[in-house]
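Let the hints inform the model, and build the full structure from the sequences given.
Protein sequences, first through last, are from chains Y and A.
Each residue of the first sequence is one higher than the one before, starting from 183 at the first, in the working numbering.
Each residue of the second sequence is one higher than the one before, starting from 735 at the first, in the working numbering.
One should not assume that every hint holds.
[Said to hold, decoys possible] If you only want the chain A side, here are some residues facing chain Y, beta carbon under 8 Å, derived:
no.: 1; residue: Ala780
no.: 2; residue: Gln795
no.: 3; residue: Glu867
[Stated by the list, open to error] Facing chain Y, according to a computed beta carbon distance under 10 Å, are these residues of chain A, among others:
no.: 4; residue: Gln782
no.: 5; residue: Ala802
no.: 6; residue: Ala803
no.: 7; residue: Glu839
no.: 8; residue: Asp1097
no.: 9; residue: Ser1118
no.: 10; residue: Ser1126
[Stated by the list, open to error] Computed beta-carbon distance windows for the label pairs:
no.: 11; chain 1: A; residue 1: Leu891; chain 2: Y; residue 2: Asp642; range: 23 to 33 Å
no.: 12; chain 1: A; residue 1: Asp883; chain 2: Y; residue 2: Pro651; range: 19 to 29 Å
no.: 13; chain 1: A; residue 1: Arg736; chain 2: Y; residue 2: Asp216; range: 13 to 23 Å
The set of hints was computed from the structure by calculation and includes no laboratory data.
All C-beta atoms, glycine included, are put in the ideal place defined by N, C-alpha and C.
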Amino acid sequence: MSGGGILGVGTSALLAYQRALQVTGHNIANVGTDGYSRQQLQLGTSQPLNTGIGSLGTGVATTGVRRVVDQFVEARLGMNLSGAGYERTYAEFAGQLDNLLADPTSGLAPALSQFFAALEDVATDPTSTAARQQLISQAQSLTDRFAQLEGRIEDQRSIANGRITGTVDEINQLATSIAQLNREIVEARGRSGGRDPNDLLDRRDELIRELSSLTSVNTLEQSDGSVNVYIGRGQALVVGFEHTQLFAQAMGADPGRLDIGFRNGSAMVIATEFMTGGELGALLDLRDTLFDPASNGLGRIAVSLVDRFNEQHAAGMDLRGLAGGAFFGRPEPRVFANLGNVASGLPGLAISDVGELAASDYQLRFDGSDWVLRRLADGERLATLAPGDSLDFDGLTLDLSGVSGAQRGDSFLLRPLQVAADLEVRITDPRAVAAALPVRAEPAVQNTGAASLGEISIVDPTSAGLRDPIDIGFTGGVFVVGGASFSPDPSGDTTIELNGWRVVIRGTPAEGDRFEVRDNAGGVGDNRGAQALAGLARERTLVGGTASFSEIYAELVADVGVKSRRASINADVQTRMLADARAQRENISGVNLDEEAANLLRFQQAYQASAQVIAVAGSLFDTLLTAVRR
Amino acid sequence: MRISTAQIFDGGIGAIQRNQASLATTQQQLATGKRILKPSDDPSGAIQSLKLGERIAAVDQYARNADAAVSRLQQQESVLTQISEALQRVRELTLQAANGTQSNESRAALALEIRQLAGGLLDGANARDASGEYMFAGYRSGSQPFVRDAGGAVAYLGDGGQRRVALSPDRSVAVGESGQTWMSIPRGNGIFTVTPDAGNAGTGRVVAGEVLNPLLIDNGTLELVFTSAENWQLRDSDGLVLASGAYVPDQAIDYAGRRIVLSGTPQTGDSFAIEPAGVTSLFAIVDALAVELATPRNSAAANTLRDQSIASGLQNIDQALARVLALRTDVGARLNTIDSQGVVNEDQKLQLQTALLQLQDLDYAEAISRFNLQQVALQAAQQSYVQLGRLSLFDFIR
Chain Y
183 MSGGGILGVG
193 TSALLAYQRA
203 LQVTGHNIAN
213 VGTDGYSRQQ
223 LQLGTSQPLN
233 TGIGSLGTGV
243 ATTGVRRVVD
253 QFVEARLGMN
263 LSGAGYERTY
273 AEFAGQLDNL
283 LADPTSGLAP
293 ALSQFFAALE
303 DVATDPTSTA
313 ARQQLISQAQ
323 SLTDRFAQLE
333 GRIEDQRSIA
343 NGRITGTVDE
353 INQLATSIAQ
363 LNREIVEARG
373 RSGGRDPNDL
383 LDRRDELIRE
393 LSSLTSVNTL
403 EQSDGSVNVY
413 IGRGQALVVG
423 FEHTQLFAQA
433 MGADPGRLDI
443 GFRNGSAMVI
453 ATEFMTGGEL
463 GALLDLRDTL
473 FDPASNGLGR
483 IAVSLVDRFN
493 EQHAAGMDLR
503 GLAGGAFFGR
513 PEPRVFANLG
523 NVASGLPGLA
533 ISDVGELAAS
543 DYQLRFDGSD
553 WVLRRLADGE
563 RLATLAPGDS
573 LDFDGLTLDL
583 SGVSGAQRGD
593 SFLLRPLQVA
603 ADLEVRITDP
613 RAVAAALPVR
623 AEPAVQNTGA
633 ASLGEISIVD
643 PTSAGLRDPI
653 DIGFTGGVFV
663 VGGASFSPDP
673 SGDTTIELNG
683 WRVVIRGTPA
693 EGDRFEVRDN
703 AGGVGDNRGA
713 QALAGLARER
723 TLVGGTASFS
733 EIYAELVADV
743 GVKSRRASIN
753 ADVQTRMLAD
763 ARAQRENISG
773 VNLDEEAANL
783 LRFQQAYQAS
793 AQVIAVAGSL
803 FDTLLTAVRR
Chain A
735 MRISTAQIFD
745 GGIGAIQRNQ
755 ASLATTQQQL
765 ATGKRILKPS
775 DDPSGAIQSL
785 KLGERIAAVD
795 QYARNADAAV
805 SRLQQQESVL
815 TQISEALQRV
825 RELTLQAANG
835 TQSNESRAAL
845 ALEIRQLAGG
855 LLDGANARDA
865 SGEYMFAGYR
875 SGSQPFVRDA
885 GGAVAYLGDG
895 GQRRVALSPD
905 RSVAVGESGQ
915 TWMSIPRGNG
925 IFTVTPDAGN
935 AGTGRVVAGE
945 VLNPLLIDNG
955 TLELVFTSAE
965 NWQLRDSDGL
975 VLASGAYVPD
985 QAIDYAGRRI
995 VLSGTPQTGD
1005 SFAIEPAGVT
1015 SLFAIVDALA
1025 VELATPRNSA
1035 AANTLRDQSI
1045 ASGLQNIDQA
1055 LARVLALRTD
1065 VGARLNTIDS
1075 QGVVNEDQKL
1085 QLQTALLQLQ
1095 DLDYAEAISR
1105 FNLQQVALQA
1115 AQQSYVQLGR
1125 LSLFDFIR
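Given below as structure tokens:
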């Protein structure tokens, strides 16, 4: 063996440990770099020298620099990032809406109870202009409160829309960068004979992780080192060096609802329903599961209140003796035509029974021969209508006679209830509050029988003869009204309905007794109208007769509260899971400074030892020279 | 297990942040005294407290309604007292006038006072409440209900409506009164009246007209006619004789549920009308008395007629007084109802408030101990973080 061989061994070790120290230094330098995976220098023995006595080691060789990464852990982290991004975004919005609706001072509940309290005050003192004025201002603050609440929901919608646009921009930038990195990685691999450019891979992984918190991501690694990225439910975002440019734009019936799409040649493809998971998925889901139910729930209360109140108010009589007009005003149900519709005209939509309304929007889609009606809140298919038909459903009346020339795929969005922002109080004159009823019924003064009168109620305020004076006589054992006669009801309560009013006579009158129904003009002290209006607060006339106004509001608050609670619990769970997944990744790929310090010592010592080997080789040579010089 | 340096720091910071967040929540609970800070903390509790708050507001509203009703009813009560006192005075004056020692002149003086009292009665019936509404006008409380027409008779322009105020979801009380009550006072015994004909020449007078059996009395008009000073006939409105008999003063004549007792000496042709009582107005009763007393009477027959008018007037005044008394009792009963409902409402409010407090309010003992525990946890997290951060192998490589 020669001294040259030892020198070679020492030199190779010196070089190898210099590199190892460099790698360790690189790890220490990047301890604060996001997404950095620790690297290891891979060492191996160099090609041995085969001699007569067997193979002789020639030193150490560096075979490569390895990035310590577990692809499964990376994939799990990506999934957890999407999950956490989704839940955190959802919880953030749900929490805000929740606080808004149930706030003890700014929610709807206090405005509702103050309004009805003002009504009670009018009922107590119907001639007081102050009480009537107070009622009108409370009505105004009630409509303002509706508008504020709807406005805040609308604010949330537009914040969400802004975030959608921002998120789509971010996704596009990430897609561009990933495609660019794909190119660089493939080129780098080509230059280095197939070795991985570790730092580029780290950067690409980090970008994919960023993408994962925005939407759910699937990756497929190609043999050339590039990676194909699919987002949501399999929508290709990056394929090789190419990426799809997404855009956010309203493309359906609702101008306030952004769709996610991309261009395929000249065609625009809508991919909204494929966008699931991550922040984007949450932002898209919020609209269907949070904002629309809240708006529609609020709208249902608004519409029911307005219609019920107006109905009762119209049956009343105001301080001037006139029939009560509309107290509140509300916009008509809205219908939106889809942007690509071929059909001309719009379907007619009207509210027919506020007691049956469901808090939902509806979709009407033409399948080529029929229109299919779907309730969007629960996705239930309600009916199939032939063109030109009309239908009563969920307290609404739909009329298709105005729509013609429909083609398969045409659709309309029916939005009957999102009116809370545009309610108005029609009455400005305090005297126009109809606190009285237009007719009164009393037994004649001369009556000798034991019959009494129940309250008179107004069945049809528009009846022409409503305020005509009518005498109900009792002769020959029957009640005689005009030309008609009614037998006394065996139960003792006889109901007589005429001219749009209804009155109940209790008990049996004496022969010749008379009951008078008279115009109540001048009846300024009458508070029956106001009492009937105040009674609306307690009546359970909504949702098929099971709930009052405040109860459906409570239901709405509960619904949002439960969603918000669930979202925040899910967000907590997902955050924990994300922390676990991060920890797992850190366990494998993270830099530990103590470990690197140990490596630093180890490689330094190895380096020093290698230097010693060279020194020994040198002294061997010197020994030989000294021997020869003699 | 490998732990990366970043993990040590992130984990430490994360623990500190979590502890800080829960500490902040507890601090907020302590500061507000509320258990539920936002509805999602306890959705069902939040809804319940929303409902409880609403019911408390409703009970408060009922209390305000009751206050308004009480003040109105108390005013009514004082007007009713005023009216009953005036009626009592009219009654006293009438009794005084019935005294045989009175002359035409002294009766005229009494009539003058009765007239003044009649004016007071009209004022009472036209009384207004604090907000200027007429109290006895039914629904037409905006205009004066009782006015004298051209002939001097009082007419009622109001209606029969009665305003009610809600005291609870299913209990209401009447606070308005219809003026009809002053216009529908039954005459005589309330069932029928016996009135001597104004042209009677004798001194026959009605001592009593009593109801024996109300079921037998129909709405027909009868006439008791003296065919001679000793004999009477009872005829119906068509002149058909229904009964007849010999006249014995102070002996009862019973017919179809009625008992009529006459005394004095009637003359042939004198007659007495027996009519269904019908109703009259408070003002007509008092006015009739005033007119009667102001009219000079100079014959025995005329005196008899006057005595008869005074007697029936007294009977009518008693009916009116009974009506006022009944109304006062009724108003009193309503005030009691309001009182008792007020107690019920107060109880209910207390219960609701207790429920609301239990639902919303913080258990301070629990919250403070939780706060302390969280504080200890935060301190531990901070200290261990600092300790851990100091440990580095590099410190030993010198």
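Going down the list of hints, with the structure as the test:
no. : hint                              : result
1   : Ala780                            : holds (5 Å)
2   : Gln795                            : holds (5 Å)
3   : Glu867                            : holds (5 Å)
4   : Gln782                            : holds (9 Å)
5   : Ala802                            : holds (4 Å)
6   : Ala803                            : holds (7 Å)
7   : Glu839                            : violated (38 Å)
8   : Asp1097                           : violated (20 Å)
9   : Ser1118                           : violated (17 Å)
10  : Ser1126                           : holds (6 Å)
11  : A:Leu891 <-> Y:Asp642: 23 to 33 Å : holds (29 Å)
12  : A:Asp883 <-> Y:Pro651: 19 to 29 Å : holds (21 Å)
13  : A:Arg736 <-> Y:Asp216: 13 to 23 Å : holds (19 Å)
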